[in-house]
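> Letter by letter, the chains look like this.
Protein chains: 6
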Amino acid sequence: MKQTTVARRKLFSTAHLYRQSKFSHAENLAHFGACFSEHGHGHNYVIVVELAGEIDQQTGLIMNLTDLDQWLTDVVSPLDHHHVNFDVPEFQDTVPTTENLALYCRTRLLRRLQTEKAPLQLVSLKLYETDDLWVEITE
Amino acid sequence: MKQTTVARRKLFSTAHLYRQSKFSHAENLAHFGACFSEHGHGHNYVIVVELAGEIDQQTGLIMNLTDLDQWLTDVVSPLDHHHVNFDVPEFQDTVPTTENLALYCRTRLLRRLQTEKAPLQLVSLKLYETDDLWVEITE
Amino acid sequence: MKQTTVARRKLFSTAHLYRQSKFSHAENLAHFGACFSEHGHGHNYVIVVELAGEIDQQTGLIMNLTDLDQWLTDVVSPLDHHHVNFDVPEFQDTVPTTENLALYCRTRLLRRLQTEKAPLQLVSLKLYETDDLWVEITE
Amino acid sequence: MKQTTVARRKLFSTAHLYRQSKFSHAENLAHFGACFSEHGHGHNYVIVVELAGEIDQQTGLIMNLTDLDQWLTDVVSPLDHHHVNFDVPEFQDTVPTTENLALYCRTRLLRRLQTEKAPLQLVSLKLYETDDLWVEITE
Amino acid sequence: MKQTTVARRKLFSTAHLYRQSKFSHAENLAHFGACFSEHGHGHNYVIVVELAGEIDQQTGLIMNLTDLDQWLTDVVSPLDHHHVNFDVPEFQDTVPTTENLALYCRTRLLRRLQTEKAPLQLVSLKLYETDDLWVEITE
Amino acid sequence: MKQTTVARRKLFSTAHLYRQSKFSHAENLAHFGACFSEHGHGHNYVIVVELAGEIDQQTGLIMNLTDLDQWLTDVVSPLDHHHVNFDVPEFQDTVPTTENLALYCRTRLLRRLQTEKAPLQLVSLKLYETDDLWVEITE
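Chains as they are written, first to last, in the working numbering: chain G, -18 to 120; chain W, -18 to 120; chain X, -18 to 120; chain D, -18 to 120; chain Y, -18 to 120; chain B, -18 to 120.
I should point out that these hints are in silico values taken from the structure, not numbers from a laboratory.
Just to be clear, a hint being listed does not mean it is correct.
No distinction is drawn between identical chains; accordingly, a pair holds when it is met within one copy or between any pair of copies.
[Claimed, not checked] Straight line, CA to CA, 27 Å or less: simulated DSS-like cross-link-like pairs of lysine-lysine: (1) K3 - K(-9); (2) K(-17) - K98; (3) K98 - K(-9); (4) K98 - K3.
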């Protein structure tokens, strides 16, 4: 009945701005406040992923950390040290809120797990914008 | 199937003391140790709320943070910079343990969500007394 | 429907090394990298346990913290300030990964809860090797 | 020329309120805001002391930690789990600001170092009210 | 002989990019790596200022926190929720490294202290780009 | 007059034990308590170095971080993922206390700075054994 998960935490640095092209200037300001601007601002984002799997009887590990670290690096590489509004096609028409950035990371991670045929289930993905604000997607 | 939540963390500063009027002095001491005293002591409490909701297609947000921050400020305002045993009627006869303070915050937050007709579900409320001790109420 | 849990966090300091005796030197190196060595290395582990129970109407507590702290101290005492590969019989043939150390702590805690006839349910046990890597066992 | 110091960090929990009896109600409010109240509020204070000394050639230690921990426990014991305005004579007429609480701890620590004839120099004492506000006394 | 300082910590969110117009593309890449890009990236910066002053005998405070908070907010306001390369004139020709951002904040804070005729001495200003990298200017 | 420093923080994982061969068993126990054992225990050490230097007018940097990171990695590499008592010659007859480990790191860093002819002055080196205990060597 019990479930064992391994969790990995990784920091990355991203710029973004909140602007909905369908909104007027006043509406953008009302919805997004200081996050609505021409050039943007940025954060040290922290991603935490929790993966469930079987503990290998010989290694005692749910999965090899070197591989997991590579997958996570690849997942966030389009965001890390980039300005998502200008550099990432998925955010041309989508506001890069913590919610949407978390969904973006989740899609990429699920795809990678599938490609790698990893015998792992994503259980939860958290994305922290600051210590005081984060989004969690629970499967 | 998946659920998306937004979490918000907020600090507040409160004094309290543990004393059950139905207990003898010796019983109070046995149950509450150093937390049983005449004038009390205090903590920097940290509250973390997790709320589930739909991500708005246009804003990319589960909810407006300015509103959420106001609600949380109002939820903890009777506790923040107060001595709960003397200042808060609900704790005249109830020991203000982390458990009971968490329940108090939960009641106030649920009531506010209802008043605001917020299309949000409270998923979890955590109250930290220190980094080493906290209570979580999961809905 | 809602569940209330109390969580307690405790640090301990342990040495370990990863080596599977059934593996060749090359296999050990491939699976365990820098964690495979003759004498080992160490960590400040952090254990977090979450326990569900009824809030006592008089004390306002799910359980007495003095007792819980003693149980946790006893649970980790064979690991704390020890080298698990050399000092702990359970890890003579088992690789002391975070996964296996978490299982070891869980077994000891469940046994203690039973011995003490504690009206508490273990909900989750987390073991952090660093701030960036941890294992969680959810019941 | 170089100086080696050992630093120790310790948490304690205290209630206080800011009120200067020489001030009018309006003046107290103007100077102290929410910290001015009848019954007070509280914090998890963190004290950090840095002590300089010679490294013992045989033990490799500047000082024995068991002793240092006892001294620190004694230094903060009148404050820990107390309401300083009501329980500590020194704060009957003195506002228990972080500044004054730090001075109080410093006086007690210096006296103890002298009593113990400790061959140590206090270099710095920090007192944190929160992660965002602290006072440091540098000798 | 001893010195008493009050320290205040504040977070702000900024985007930047490293590019020296006098450098070739290859030189910029060699000096700045991933920090050299067209649109930039960002961080949650943390500023910590330490100010020395006399403790007021009546209030017990080195200075009023409400004022200090306002000054700090004003000091970082051109950076907070901005992209310094595009929004801040001082960084049109100056690379917005942590070093230069710290100098910028120091200049603004010293000017404000002077304007306010604050009887305070700036002792140290730290600017954290992440938990693992920061710059300190000590007076 | 003012001094600008850049600080870098790095984690490493080490096992050690405290035993002075000149001491009897009873003396070792009296001086070192739980740190005296046959096989040792371990910690996640954190090293923080602060280096003073001139800010380069063109790059805006005191020094290139890629280089500094490499130097730090090399400085701690004999300790990281090792058991210092068994793996590091310098600690065959020297107790690997935080004090002595800090001195060891300082010697290696100063030598490297000299080898690299780095126009930098080491200002301070801190070594944290836990969040609650650290040693600082100030030049």
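> For K98 vs K(-9), is the C-alpha pair at or below 27 Å within one copy, between two copies, both, or neither?
Answer is within; shortest intra-copy Cα gap is 22 Å, inter-copy 34 Å.
> When no copy is specified for K98 and K3, does a C-alpha distance of 27 Å or less occur within a copy, between copies, both, or neither?
Between copies only: 26 Å across, 40 Å inside.
> Between the shortest in-copy and the shortest cross-copy C-alpha distance, which are at most 27 Å for K3 and K(-9): within, between, both, or neither?
For K3 and K(-9), neither the intra-copy (34 Å) nor the inter-copy (33 Å) Cα distance is at most 27 Å.
> Could you figure out if K(-17) and K98 sit no more than 27 Å apart (CA to CA) within one copy, between two copies, both or neither?
both (23 Å within a copy, 21 Å between copies)
Going down the numbered hints, you'll see the structure goes against just number 1.
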